[in-house]
Amino acid sequence: ETGVTQTPRHLVMGMTNKKSLKCEQHLGHNAMYWYKQSAKKPLELMFVYSLEERVENNSVPSRFSPECPNSSHLFLHLHTLQPEDSALYLCASSPTGGKGTDTQYFGPGTRLTVL
Amino acid sequence: AQSVAQPEDQVNVAEGNPLTVKCTYSVSGNPYLFWYVQYPNRGLQFLLKYITGDNLVKGSYGFEAEFNKSQTSFHLKKPSALVSDSALYFCAVRPLYNFNKFYFGSGTKLNVKP
Numbered sequence: 001e002t003g004v005t006q007t008p009r010h011l012v013m014g015m016t017n018k019k020s021l022k023c024e025q026h027l028g029h030n031a032m033y034w035y036k037q038s039a040k041k042p043l044e045l046m047f048v049y050s051l052e053e054r055v056e057n058n059s060v061p062s063r064f065s066p067e068c069p070n071s072s073h074l075f076l077h078l079h080t081l082q083p084e085d086s087a088l089y090l091c092a093s094s095p096t097g098g099k100g101t102d103t104q105y106f107g108p109g110t111r112l113t114v115l
Numbered sequence: 001a002q003s004v005a006q007p008e009d010q011v012n013v014a015e016g017n018p019l020t021v022k023c024t025y026s027v028s029g030n031p032y033l034f035w036y037v038q039y040p041n042r043g044l045q046f047l048l049k050y051i052t053g054d055n056l057v058k059g060s061y062g063f064e065a066e067f068n069k070s071q072t073s074f075h076l077k078k079p080s081a082l083v084s085d086s087a088l089y090f091c092a093v094r095p096l097y098n099f100n101k102f103y104f105g106s107g108t109k110l111n112v113k114p
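Listed in order, the protein sequences are those of chains X and R.
For reference, each letter of the first sequence is one residue, going 1 to 115 in my numbering.
For reference, each letter of the second sequence is one residue, going 1 to 114 in my numbering.
No lab work stands behind these hints, which were simulated from the structure alone.
Please note: incorrect hints may appear among the correct ones.
Residues from chain X that face chain R, not an exhaustive set, calculated with beta carbons under 7 angstroms [said to hold, decoys possible]: (1) L43; (2) R63; (3) T103; (4) F106.
Only pairs whose alpha carbons sit at most 20 angstroms apart, straight line, appear in this in silico EDC-like list of lysine to aspartate or glutamate [what the hints assert, rightly or not]: (5) R:K101 - X:E53; (6) R:K49 - X:E84; (7) X:K40 - R:D54; (8) X:K41 - R:E8; (9) R:K109 - R:E64; (10) X:K36 - R:E64; (11) R:K109 - X:E44.
In this text, a Cβ means the ideal position worked out from N, Cα and C, and glycines have one as well.
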């Protein structure tokens, strides 16, 4: 295992529901990331946090709301999602956010299905 | 627009044969280049990266990758494929002008047949 855990592993929700995805890293890293993985499409970087401060937001719809209460935890709050939001959501961490040579460590992902 | 291309959705090779998974990129400057592998129901795992120096980079599990600046390519290679190498492989690029950006390809499924 990589030291990055995600819960839940699977989530089914209706379009009017509100749910949250949780990510926790046990590596002592300072940067955390949310990605969206859809079949046969490039991974989409959604949000980047460095030292609990959001440093990147790649034009993600407001129905996705991230939260980083400390450097070990990252949440993705979901509300009024659309069926096209169904995907695998991956969390990753890296030692620092500002060092380009850093390797990212990924969690196993949450498989989200929006009905 | 910045992008990473993995032209093959799937690569099929026989066990023991050499394999190549292709990656080309269109990103400004001299970016950092990465390869990741994803096994079923798992997150991505780091394989190798190119930062600077020798164009041939060696990584985990016997994989290597060759950086070609003129062709803006970073192909993944292995001299002798194993059935256990069967997985989804992603090429990724991190531009020097913004380390908070990461561009990934769409992935290549490698099938190694016994």
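Right, here's what the structure says about each hint:
no. : hint           : in the structure
1   : L43            : 4 angstroms, holds
2   : R63            : 22 angstroms, violated
3   : T103           : 5 angstroms, holds
4   : F106           : 3 angstroms, holds
5   : R:K101 - X:E53 : 15 angstroms, holds
6   : R:K49 - X:E84  : 32 angstroms, violated
7   : X:K40 - R:D54  : 32 angstroms, violated
8   : X:K41 - R:E8   : 12 angstroms, holds
9   : R:K109 - R:E64 : 17 angstroms, holds
10  : X:K36 - R:E64  : 27 angstroms, violated
11  : R:K109 - X:E44 : 18 angstroms, holds
Hint compliance for this structure: hints 2, 6, 7, 10 are broken, all remaining hints hold.
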